[in-house]
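*Asks:* One-letter residues, chain by chain:
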Amino acid sequence: MAKGDAILEAKDIVIKFNLRGRTLTAIRGASLELNEGETLAIVGESGSGKSVLTKSFIGMLDQNGWVDSGSVTFEGRNLASVKAEKDWLTIRGKKISMVFQDPMTALNPLLSIGTQIREVFELHHGLSGKTADHAVVEMLERVGIDNPEERRKQYPHEFSGGMRQRVVIAIAVACKPRILICDEPTTALDVTIQAQILDLIKSLQRDLAFTTVYITHDLGVVANVADRVAVMYAGQIVETGLAEEVFYDSRHPYTWALLSSLPQLGVKGQPLYSISGTPPNLFNTVKGDAFAPRNPKALKVDFVAQPPMFQVSPTHKAATWLLDERAPAMDPPPAILAMRAKLSGANSGNAKLGGAR
Amino acid sequence: MNGGDNREVVLELKDLEVSFRVKGGGTFKAVKGVNFSIYKGETFGLVGESGSGKTSIGRAIVRINAASSGSILYKGRPINGKISKELDLEVVRKIQMIFQDPMASLNERAKVDYIVSEGLYNIGVKRTEEERKELVAKALLEVGLLPEFASRFPHEFSGGQRQRIGIARALIMEPELVVADEPISALDVSIRAQVLNLLSSIQKAKGLTYLFIAHDLSVVRFITDRIAVINKGEIVELAETEELFRNPLHPYTRALISAIPQPDPIAERGKIVTVYNPKCHDYSVEGPSWVDVGGGHFVLANTKEVEAYRARVLANG
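Sequences listed follow chains H and X, in order. With our numbering as the guide, the letters of the first sequence map in order to residues 1 to 357. With our numbering as the guide, the letters of the second sequence map in order to residues 358 to 674.
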C-alpha cells in the first residue's frame, strides 16, 4: 500500500452506552479517514467522544458500550462487527496499538518492565529465551533508555514519568503495528519531557512506518505533530483538514472558539474569548448544530437542522451552515483573523516564540 | 513597571528553605535559598516543572508546610515560625489559596454553603447566621455562580464551577494575596479561559495580588506581570514577563521556553527544542549568585556568565 492511501475508514459510526437503564449516544455519526503514514490529531474537550471513537477501533469500549451502526474498514474487514475477544487479539496490540495517558496505570507495578515488554515478543512474535531478552534490550535502547541490560530488570516505580512513558511506547510498538493510537500521551508529563516524547514517537514512526493517531486537547501538541486534524464536538467530527487549514483557515464556529480561547492567541490585559455554557447532554437527542446553544452568533437554522459536511477544499471539510451558499457572510473572531494573516506570511518571522502578540 | 522601589511590597521571601524528612533518615531540600518580593496589585508567576519546589513555596507562604529556614515577610512582618495570635488571624484572612484540582479540594460531604464559609468560622469574628449567608451569596455572585447553589453538594457541579467555588471560598475572607497553585491545569480547554478571565476581573475589582504557580509558560505569559523560573528548588531567573520572553538568559529558562508547543504548525515545524544540561555551567572557579543584569531582570549566574548575559541583552535591544 502506498503512502497516502486510506488505511482505515470509519463511516457514520454511532456508539451508544447503557448507563443505569438510560442510553447515552457518545458518538453521533462520525466519519473519519486515516491515511497510510500520516499523523492525524483528534482534538476536542473531555466528553466530546475522541477517546471512545478510537477505542472502538481496537475493541476496547467499556462493557456497557457498543457500536450501534456504521462501519470501520481496516484491511478489508469491518471492525465494527468484530465481537469475539479472540478476533480482537489478532488486531489489538498487533496491527493497532495504543499508548495511554498515564504511564503509571498503564504498566503493571508487580512485573519488571523487561517482563512486560517480553510478553509482546512472546505472544505476537513467538520469541523465547535469549532471543526474546535480546529483543527487549534492543527495544529499550531504541526508545532511549540508557543501560537497558540493567534497567529491564527494574520495576515501573523505579522509573520517572517520562521514562515510564518510553516503556509504554516500547510495548506499543514492539510488534510493529500499522496504526499507533496515542491517547493524551504527554498530558501527565512536563513540557521539556513532552517535547522529547513527541520527538521519540516521530522518529519511531519514520523507522517503523506506522500511521499515528493523536488524541489530545492541547492544540500546541497538535500543531507540533499533526499532518491532519479532526475537531470533535459532542460526538461528531465538526471539522477536518490539513493542520494548516484547520489552524490558519478554520471554518467551524467551534474551532474558532477553541482557538480563540487559547491564552497564546489572546491579547494581554484583555479578557480571553471564552465559550459559555456546557456541551449538550448526550442522553437527550441533539437537535440541529450541537454547538449552536453556546454560539452567540448561531444562525436560526442551526437550532433546527443538523448541518452536513461542506467541502472547503479537497482536503478540508466543516459541518456548519455558515458554509451554505444561503448563509450570511460572517467574519471569524479577531484571533482567527490574526491566524489567517499569519498564513499569508505577514507574521511568520516573529511567530517563533510569541503567538499573535 | 520599572524601578519597583516605591511600590508597596506585600510579600517578601528571604533565603527561604523548605526541607522534608526522607524515609530512612536525612532531609531533602525542596526549596533552596529563595528570594523574591511580590508587589501590591501585581500577578507574580512562579514557573517550574514538577518537583521543582514551586508548590512547596506556595504552601510555605500559606503555612501549610513550615519553612525550615529563612523568612517570609507579610508587609514587613515575619509570618513563619512562632507568631502572635493576632498576626496569625490576620494572615489567615489576608493570604488565601486556590488549589489545582477542584475535584479533590472540596469537601464532598459538605454543602457549598459550608465550604465557602468554613474560613469565616475560624477567624473568631462573631456573625449572625444571616450575615454569614449574605456573605456566601455575595461571594458566589462574585465568581459567577447563583446564590441558590449554596444548598447543593460539590458533586452536582462541573469542574469549572467547582473551581469557581474554590475561588469563592478564598474571596469570602477578603484576602489581599491569593496563592493560586495551578488553578486551571485540571480544567478543560474551553473552561480555562473562563476561569482566567474571572481571576483577572476579580483582581481588577478588588486590587488583589496574585502569586500564580504554574508549569505552563504560555498561560503564565498571558496572565502575569513578572515571572520567576524555578529549577530544582532554586530560582534561576526573574524578570518582567515580556522581558523574560524577549531576553531569556539562563539556559534553563531558554530550554523551558523552547519546549512550549505553540498552536502554530509552521512555527512548530521549524522549531528547535533546546535541552538544558546543568553541566553547561562552569562553577569550578566561581559559584553563581543572584544578580540584577539591569531593570529588575535577575539571573542566577557567576561573573563570567553575567558578562555574557549583559552583552546578549544589549545586542537584543
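In short, the hints are calculated from the structure, not lab data. Be careful, since some hints might not be right.
[Said to hold, decoys possible] Below are the DSS-like pairs computed for lysine-lysine, each with C-alpha atoms no more than 30 Å apart in a straight line:
#	chain 1	residue 1	chain 2	residue 2
1	H	K268	X	K561
2	X	K561	H	K297
3	H	K268	X	K495
4	X	K380	H	K153
5	X	K380	H	K202
6	X	K380	X	K490
7	H	K268	X	K628
[Unchecked claim] According to the in silico footprint, chain H covers these stretches of chain X (three or more CB under 8 Å from chain H):
#	region
8	372-379
9	388-394
10	528-539
No residue lacks a Cβ here, since even glycine has one placed at the ideal position from N, Cα and C.
*Asks:* Now look at each hint and say whether the structure bears it out.
*Replies:* Evaluation of the provided hints:
Of the supplied pair hints, the one linking K268 (chain H) and K561 (chain X) holds, its CA atoms being roughly 14 Å apart against a limit of 30 Å. Among the hinted pairs, K561 (chain X) with K297 (chain H) is consistent with the structure: their alpha-carbon atoms are about 29 Å apart, no more than 30 Å. In summary, the hint linking K268 (chain H) to K495 (chain X) is supported, as the alpha carbons are separated by about 28 Å, within the 30 Å threshold. Of the supplied pair hints, the one linking K380 (chain X) and K153 (chain H) holds, its CA atoms being roughly 24 Å apart against a limit of 30 Å.
The straight-line distance between the Cα atoms of K380 (chain X) and K202 (chain H) is roughly 40 Å, outside the 30 Å bound, and the hint therefore fails. Distance hint between K380 (chain X) and K490 (chain X) is unfulfilled; the C-alpha atoms sit about 46 Å from each other, more than 30 Å. For the hint pairing K268 (chain H) with K628 (chain X), the CA-to-CA distance comes to about 24 Å; that is within 30 Å, so the pair holds. With 0 residues having a Cβ less than 8 Å from any Cβ of chain H, the region 372-379 of chain X misses the three-residue criterion, and the hint is violated.
Given a C-beta distance limit of less than 8 Å, the hint that chain H covers the region 388-394 of chain X is violated, as 0 residues qualify and 3 are needed. Proximity of the region 528-539 of chain X to chain H, defined as three or more residues with a beta carbon under 8 Å from a beta carbon of that chain, is not established by the 0 residues found.
Hint compliance for this structure: hints 5, 6, 8, 9, 10 are not met, and every other hint is.
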